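**Student:** Sequence:
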Amino acid sequence: MPSLAPSHLQNPFDLQDVAAYQIWREAKVAQYPRHVDELIVEVNDPRHLSDAERRAILARCADTNMAVYRSSFTDEDRSLPRVLGAQLGLTRLDGNWLADDSGISLIAVASGQGERSAYIPYTDRAIKWHTDGYYYPVERTIRGMILHCVRSAQAGGENALMDPEMAYIAVRDTNPDWLAALMAPDAMTIPQRTDENGVARATQSGPVFSVDAQTGVLHMRYTARTRSIHWRDDATTRAAAAFLAMLLASDNPCVLRLTLQPGMGLVCNNVLHDRSGFADESGQTRLLYRARYLDRVAAPDSMSKSDITAFTT
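Residue numbers (my numbering): 1 to 313.
Simulated from the structure, these hints should not be mistaken for laboratory data. These numbers come from a predicted model, not from an experiment. Check each hint, because a few of them may be wrong.
What the hints assert, rightly or not - Simulated DEER-style distance windows between Cβ atoms: (1) Ile23 / Thr285: 45 to 53 angstroms; (2) Ala235 / Asp37: 36 to 44 angstroms; (3) Ala126 / His230: 18 to 26 angstroms; (4) Ser102 / Arg151: 14 to 22 angstroms.
Glycine residues also receive a C-beta, built at the ideal position from the N, C-alpha and C atoms.
All chains, please: the whole structure from these sequences, using the hints.
**Tutor:** Structural data, given as structure tokens:
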């Protein structure tokens, strides 16, 4: 299946370029998976992808901005996301302040373990719809992500996934004025975070949907949180935000659901996702490795074997 990257089109994300949008939209909707199984690529060892495995992952990401790999590799190897990412063009790892020294975050319940326990990803509670790094400045935009499952929960921990391009289509088809409002530079603002030392993170304003000037690809910055978020105070933006919340809460066929099992992982261009609450089994707690990148997943055939070797050795 050919890539649906918009570079060969006029500009499908220009609200004035209706013809280009309709061509791109038709192709996008036609190929969008109807079931999460269509995203799954069977791999032997994520640390050492075969050429066919790598191409299959890249092709799914090109078409749907995400792929799911499934393997029998269940060792606790924290280097896995970094090594896997390098094979897929993900090299600029963004290490956040709660990650380990390698920049990889260990997503597990952190009850009574300091600062982590104050943040929802490190609890067993549900997480609302979001894209990662929605509170970051533009120069630190999270474009790619890997989630690798080491251990699953006894029950729960399901992820819902949606390609941001499908959310874009839903908004634009319903009301182009809403889309214009969501592309405003101050559409969504995340207030500053403070700690005992003062301002730990500055206030960040930005659009929900934006288009990279160099590559022409669409990026989405979003959270369904209702606290610690300010929407631009006008009727059009409020209506657009309400529509997005309703869309993601609905039984939309574009929402794909899965529960990662040991050896499985998600590779994506920072797609919309949530997580249901979960319950751990005594002696075996849920553990995922998360790696976030400033890069997007590489386009198919964009990396040579020498590129891959250079990044993985």
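**Student:** Hint compliance check: list the failing hint numbers for this structure, sorted ascending.
**Tutor:** Result: no hint breaks.
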